[in-house]
Amino acid sequence: MQVFKAALKAFFRHPIYLLVYVVWLSCMGLFMGMSVTDAPSEEYLERPNVAVINRDGGELSKGLASFVADNSVVVDIEDSERALQDAVMQERAHYVVIIPEGFSADFAKAAADGTTMPEVQTVVSTQSASVTMMDNLVNEYLNVSKTYSLALPDAGQDQIVKRTNTAMGHSVEVNVVQVAEAPPVSNAFLLYLQFASYTILLSIAVCSAVVMSRFGSEEISRRTGASPIPRLSANLQIAAASFVIMLVCWAFVSGLGLAVFGSKLVGVDASVIASGLLSLFVYSLFGLAFGFFVGQLTSNELVMNAASNIVGLVTSFLGGVWISLDLVGEPVATIAKFTPTYYYNEALHAAFDVSGGGFTSEVFVNLGVVCLFALTVFAIGLAISRIRAGKMGSWKGLSTKASLQSAA
Amino acid sequence: MHIVDVKNLVKRYDEKLALDHFNLQIETGEVFGLLGPNGSGKTTAINCILQLLTYDKGEIELFGKPMKPSSYDIKRRIGVVPQDIAVFEELTVRENIDYFCGLYITDSAQRRAMVDEAVAFVGLEDYVKYRPKKLSGGLKRRLNIACGIAHKPELIFFDEPTVAVDPQSRNSILEGIQRLNAEGATVVYTSHYMEEVEQICSRIMIMDRGESLASGTKDDLVRMISTGEKVEIEAPELPDGTLDALGGLDFVRRISHDGTTIHILCDNGPHNLANILAVLQERGVVFGRVYSEPPTLNDVFLEITGKELRD
Amino acid sequence: MWNTFKYTVLSIVRERGVVFWVILFPIILATLFNVMFKGMDEGAFELPMIPVAIVDASEGNAGDSFHTTMDALSDEKNGEALLAPTYVKNSDEAYRMLKSGETVGTITLDADGWPSLELSPGEGDVGVSMEQVKRTVLADVVDDYCRSRAAAEDIITNDPTALANPKVIDSFTERTEYTSALAITHSKTKEYVRYFYALLGFAALMAAMVGLTAVGAIQPNISPLGARRVVGGTGRSRMLVGAIAASWVISFSALLVAFAYIRFVLGVEFGGREGACVLGLAVAALMATSLGALIGAIPAIPYNAKSGVLTGLTCLLSLFAGLYGTPALRLADQIANDAPWAATINPAKQVTDLFYSLYVYTDMEPFFQTICVLLVITLVFSLAAALFMRRQRYASL
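Chains as they are written, first to last, in the numbering used here: chain S, 110 to 517; chain Z, 40 to 350; chain Y, 2 to 398.
For the record, the hints were derived by calculation from the structure and aren't laboratory data. Among these hints, one or two may not hold up.
Straight-line Cα separation of at most 27 Å, BS3-like style, residue types lysine-lysine; simulated pairs [as the list claims (entries may be wrong)]:
id, chain 1, residue 1, chain 2, residue 2
1, Z, 179, Z, 168
2, S, 446, Y, 100
3, S, 118, Z, 173
4, S, 446, Y, 39
5, Z, 179, Z, 191
6, S, 271, Y, 168
7, Z, 107, Z, 46
8, S, 118, Z, 168
9, Z, 96, Z, 46
10, Y, 100, S, 373
11, Z, 191, S, 114
12, S, 114, Z, 172
Construct the entire structure; sequences and hints are all you get.
In structure tokens:
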């Protein structure tokens with residue numbers, strides 16, 4: 110137990126690592142989690158921020174403007190190029206409708222004469238499905254207006270707009286079906302746990318690498334090698350210390366998540382939350398294995414740090430933490446299946462499934478895959494340490510070869 | 040039974056032969072010195088004995104039993120003070136000693152007493168709460184020693200424990216080693232400082248290029264070589280022919296006179312000084328003080344290897 | 002000074018960890034981004050096929066117009082089928098499909114052929130999920146049908162005479178495009194470029210590793226090497242200038258490499274203003290050097306942990322610059338909107354904005370404003386670092 114105790118003592122004398130990697134990085138997850146608002150489950154529509162710039166005073170223009178306003182989140186933007194660019198820069202408006210001067214009159218005239226219809230201009234800051242749908246709504250309104258313009262050639266535009274508005278007021282009756290008895294898990298908490306795949310990988314890998322590098326240093330490991338503690342036992346004790354550090358990281362991340370998002374989880378079944386935290390625990394095991402692997406490759410703290418960071422970023426992206434995986438191309442989605450984070454996320458989604466989550470077999474299957482990843486990475490690390498020891502022919506190579514020869 | 044018995048040890052680093060059929064026998068209770076210049080294979084030999092290094096050929100027995108990497112019962116009886124300071128920067132002086140002692144002794148009450156004793160032994164009582172970073176070079180060396188001896192080993196390897204240490208700390212380290220020996224520990228001591236080895240070792244082995252060149256007590260070694268004593272005689276006025284007459288003696292190797300003193304280097308042999316003085320008296324030379332200095336280990340080394348021991 | 006410069010450059014370029022972080026890391030990350038966002042760029046706003054169950058309880062011909070619309074929307078010959086409808090017998094069957102995730106919604110036609118819609122509840126996902134898009138599109142499509150039908154029935158009931166005009170009948174089903182996209186920004190906006198700009202912001206902060214290493218190596222209270230150098234014959238300020246100049250040159254070169262890779266190898270657009278980009282990188286490197294000097298000079302942080310502190314800081318500030326995917330980008334925009342000062346003092350966000358403003362704005366003024374903000378940040382960092390470094394002798398080393 111000496112090695113184990115010394116390892117923990119040595120680690121906890123460096124609170125800066127805990128502070129920077131565990132506390133600090135978990136805060137990143139908090140910010141991410143807090144940035145999403147839980148839409149009420151009845152809210153099924155995704156509407157963009159829209160600005161209407163009405164340079165026309167006509168009835169139709171007013172009607173269109175108010176229709177757009179009713180069906181989107183309206184933001185005010187000044188009518189200048191710079192203001193528009195600012196809005197795009199800051200992503201304040203995803204979609205801007207600019208109604209040109211004389212549009213209402215031109216529309217009525219073109220409908221009557223059968224000539225080309227006038228157009229409104231749009232500015233799209235970020236192309237997305239919701240922007241496309243918003244564009245469709247504008248077209249719908251103007252299409253219906255055109256129908257009324259043709260059908261009621263003698264009516265005034267105010268009349269046409271009124272009838273158009275009435276027709277456009279029709280919308281399908283929508284019910285959101287509750288398929289589960291329990292309330293769904295807060296999106297914020299889910300995102301927090303998803304992002305934790307990055308933070309926990311990084312913090313566990315770096316923290317356990319700190320421990321391993323202390324004992325891996327040539328002087329200490331030689332000195333330990335000369336003692337009656339078997340190498341295997343010393344290594345197991347170091348592993349146990351790393352495991353304790355992993356537990357601390359996991360407990361901290363879990364506790365912080367529950368403390369901050371707990372109020373949003375009221376009413377959620379305890380087993381659902383527990384299975385989410387179990388998923389994080391299993392993923393932490395992968396982090397530990399990865400820390401071991403990196404510790405075998407290098408003892409340079411900067412390199413360990415960078416390697417963990419890159420792998421953390423890559424796997425968290427491929428796990429679908431950055432953007433929804435449906436949105437990336439097929440090849441990327443395929444590559445994603447070769448990362449543990451993907452299965453971690455699958456497990457989380459299964460655990461938080463609205464139609465009955467918790468400890469389902471789907472959760473366990475996915476976590477099993479994560480475990481396999483952890484084992485594989487650990488085995489590769491072990492192989493590397495063996496190969497390196499053999500090559501150096503030095504203190505690490507307490508191999509059978511040496512003892513056989515010394516006995517011969 | 041030898042406490043350390045190494046036979047025909049061969050160790051290669053790739054092409055370089057680090058140990059060439061190296062033999063070493065150490066008796067229980069002695070302070071054995073391994074003397075050799077840097078790179079002569081002293082540390083390699085110790086690391087092989089401790090099974091930290093693989094080796095190509097040879098047999099190693101400690102306490103009469105073959106030593107293997109898994110000979111934990113043997114390792115438990117050994118103490119090691121490595122050349123490089125092996126301590127945890129994060130742990131205090133006391134915690135470091137406790138850690139290394141704990142690799143051998145599991146009972147913590149027993150260990151507490153041992154750690155106290157080790158702290159007192161190296162005189163670090165005022166520094167137990169310090170981290171190694173705050174210690175001076177000499178104090179760090181002492182900590183390194185305390186970590187190696189706290190568990191009261193029967194056999195202790197000291198690998199150049201005095202490198203880069205001030206004279207005061209060096210003396211206290213050497214005295215400590217003698218005290219450990221007096222308490223019953225067998226000590227294997229490597230150094231490239233011959234004065235230290237002369238001072239504390241009961242037997243000495245001289246190594247170079249991975250080979251054992253000679254071994255024995257200091258007197259054995261000195262007797263082994265053909266170089267004899269250096270004789271200096273204060274004689275301001277020398278009659279003509281005196282130097283030639285002295286140079287004519289068959290045991291005189293070199294002779295010179297710097298105006299006040301005659302310097303004579305002799306071959307190894309009995310009655311050299313008497314014969315010299317007889318020649319002087321015969322010639323009526325008036326002389327003052329006479330010094331005779333026996334050969335040193337450096338002379339031994341110089342004669343065996345053809346180079347100075349130091350660097 | 003030249004001597005300090007030369008050996009600072011040599012020692013840093015030979016430090017594997019620094020080279021890894023400052024040069025390799027941005028290149029690896031950029032390559033990854035390229036793979037990720039290529040797929041996103043191609044497939045982002047293509048509307049997906051929406052699986053839907055239809056329960057038809059209409060009587061007689063009342064549902065005909067709806068079926069015609071459905072057929073048109075699911076006709077694969079038409080090129081883009083939007084819906085994949087499955088006709089089911091009863092609502093139980095439809096509910097089962099909804100619950101199992103086979104469909105995202107159920108359309109039920111009443112006796113008169115008017116549809117109503119049942120949707121599955123939102124499931125948590127990062128940012129906007131495809132499920133949410135599908136629900137929105139489905140609701141919109143059905144809404145569209147209802148509105149057109151309402152307009153047509155209104156006219157048929159209240160103004161039957163209008164039906165004499167064939168154009169009116171045609172217009173019931175005719176769809177005219179009334180919108181034309183206008184380019185008001187300097188370049189055509191693509192969202193994914195913002196991730197690359199955020200990456201450059203990240204790389205700029207990471208480049209502070211260089212300044213940190215260089216300054217640590219001349220600070221007597223930070224490293225033994227620093228103590229040794231201070232007792233040399235070269236004046237402290239000359240040595241500092243040499244070290245800082247060397248750090249700047251290395252940081253700038255590293256950022257240039259990353260930029261060149263992103264621009265020319267990966268082909269990411271910077272609004273055709275590469276010259277200004279290089280100026281921006283030079284300023285970013287200056288900021289990085291001053292940040293590195295500041296962290297390197299803070300005596301309270303143990304030397305070994307300094308790189309860790311910098312890494313943590315970089316990750317956190319990059320989060321607020323929008324590096325970590327859609328949620329992070331939204332968060333960054335939200336902060337820029339709600340608390341502009343927080344965005345202003347975030348150097349990662351400022352470097353990111355440097356490139357984004359070149360991309361968005363037609364005039365250069367916002368770019369130069371950002372440059373000025375970065376210079377002010379640099380000045381603040383430098384002054385703070387100088388406060389720590391001005392001491393010549395120390396109570397303990």
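Going through the hints against the structure:
no., hint, in the structure
1, 179/Z x 168/Z, "13 Å, holds"
2, 446/S x 100/Y, "25 Å, holds"
3, 118/S x 173/Z, "18 Å, holds"
4, 446/S x 39/Y, "18 Å, holds"
5, 179/Z x 191/Z, "20 Å, holds"
6, 271/S x 168/Y, "21 Å, holds"
7, 107/Z x 46/Z, "15 Å, holds"
8, 118/S x 168/Z, "14 Å, holds"
9, 96/Z x 46/Z, "9 Å, holds"
10, 100/Y x 373/S, "24 Å, holds"
11, 191/Z x 114/S, "22 Å, holds"
12, 114/S x 172/Z, "21 Å, holds"
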